[in-house]
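Asks: Below, each chain spelled out in residue letters.
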Amino acid sequence: MELNQFLILSAFIFAVGVYGVLARRNGVLVLMSVELMLNAVNLNLIAFSAFNQNINGQIFALFIIAVAAAEVGVGLAIILLIYRNLRSPDLDQVEQLKG
Amino acid sequence: MWGQQVVFWLLAIAMGAAAIGVVRSRDVVHSVLFLVVVLAGAAAQYILLAAEFVAWVQVLIYIGAVVVLFLFGVMLTRSPMGHDSNRLDNDQRWAAGVVALLIFGVLTALLVDAFGGQQINFGPELVAQGSPQAIGSDLFRTFIVPFEVVSMLLLAALVGAVVMARKD
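Chains Z and W, in that order, are what the protein sequence lines are.
Following our numbering from start to finish, the first sequence increments by one per residue and tops out at 99.
Following our numbering from start to finish, the second sequence increments by one per residue and tops out at 267.
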């Protein structure tokens, strides 16, 4: 199989994740789009690990999965705080620092 | 080789459609379910690339834990469910679409230019490389310090999440 078919699939999912981060208003959905982007990166790393016959890419993917789990935990706690303070999970309500 | 291609393209179409579903769906819970499809498709792609251990970690951590966290997030923030909710997107959809298309176009052009025509060699050594034995021995020999750092990071994230989400 070609290396590029995996890389282009991962580029597509990454671009969709970028769209989600930019276009979504709900905080939970923004975090889900971030997960899409992290998964695209993982697919890239695994594809290169197979291509170079080198195990390090898979280890990196494992680390990214662990860091992503930590990120979701803290991110959802932050969104919970935003919801508790503003009565809405919408990120464009967070504008107290706006001059 | 032919069977691999068929499986790859089936998974790729499902993953692409579900990824678009995640960012375009009108219902937050539907978005979470589409995310499950993308994550499971990614796990299947890992198996296709002979990375079986990472595939099962993906199923356990992502589909098992992270998706449940997202469902809790949806529940606790009372995100709008149902089809009347037009409030999930902000008003920069067009700009976001243009940016995403640009990123995809530039990345694809670069990848075709850099790696066009290069093949992945599937041999017995590639299958042995993805086994839990090989990963474990590499993780606990070469990468032992980063491994411990990640465990500290997880502990810090856990404590931080509890401290932030506590009511007082």
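Derived from the structure by calculation, the hints contain no laboratory data.
Incorrect hints may have been included.
[To be verified] Examples of chain Z residues toward chain W, derived with CB under 10 Å: (1) I8; (2) F12; (3) L31; (4) A40; (5) I46; (6) Q53; (7) Q58; (8) G73; (9) V74; (10) A77; (11) P89; (12) V94; (13) E95; (14) Q96; (15) L97.
[To be verified] Computed footprint of chain Z on chain W; a stretch qualifies when at least three of its residues, placed anywhere within it, have a C-beta under 8 Å from a C-beta of chain Z: (16) 104 to 115; (17) 121 to 134; (18) 188 to 195; (19) 221 to 228.
Note that beta-carbon positions come from the ideal geometry of N, C-alpha and C, so glycine has one too.
Asks: Restraint: A77(Z) near chain W, CB-CB cut 10 Å. Satisfied or not?
Replies: holds, 4 Å
Asks: Return the status of the interface hint for Q58(Z): holds when the least beta-carbon distance to chain W is below 10 Å, violated otherwise.
Replies: OK, holds: Q58(Z) within 10 Å of chain W, min 5 Å.
Asks: Hint validation: E95(Z) versus chain W, beta carbon distance must be below 10 Å. Holds or violated?
Replies: Violated: closest Cβ of chain W sits about 12 Å from E95(Z), beyond 10 Å.
Asks: Would the stated hint for P89(Z) survive a check requiring a Cβ distance to chain W of less than 10 Å?
Replies: P89(Z) check passes; min Cβ-Cβ to chain W is 4 Å, inside 10 Å.
Asks: Taking the least C-beta to C-beta distance, is Q96(Z) closer than 10 Å to chain W?
Replies: With a closest approach of 18 Å, the Q96(Z) hint is violated.
Asks: Apply the coverage criterion to the segment 104 to 115 of chain W and chain Z: a residue qualifies when its Cβ sits closer than 8 Å to a Cβ of the chain, and three qualifying residues are needed.
Replies: It holds, with 5 qualifying residues against the three required.
Asks: Can L97(Z) be said to touch chain W, with a Cβ gap under 10 Å?
Replies: It is violated, given that the least Cβ distance between L97(Z) and chain W is near 18 Å, above 10 Å.
Asks: Classify the hint on G73(Z) as holds or violated, based on whether any CB of chain W lies nearer than 10 Å to its CB.
Replies: G73(Z) check passes; min Cβ-Cβ to chain W is 4 Å, inside 10 Å.
Asks: Against chain W, with CB atoms and a cut of 10 Å, does the hint on Q53(Z) hold up?
Replies: holds, 6 Å
Asks: Once the shortest beta carbon distance from V94(Z) to chain W is found, is it less than 10 Å?
Replies: It is violated, given that the least Cβ distance between V94(Z) and chain W is near 12 Å, above 10 Å.
Asks: Can you confirm whether chain Z covers the segment 221 to 228 of chain W, using C-beta to C-beta distances below 8 Å and requiring at least three such residues?
Replies: holds (count 4)
Asks: Less than 10 Å between beta-carbons is the criterion; does F12(Z) satisfy it with respect to chain W?
Replies: holds, 6 Å
In this structure, the hints that do not hold are numbers 12, 13, 14, 15, in rising order.
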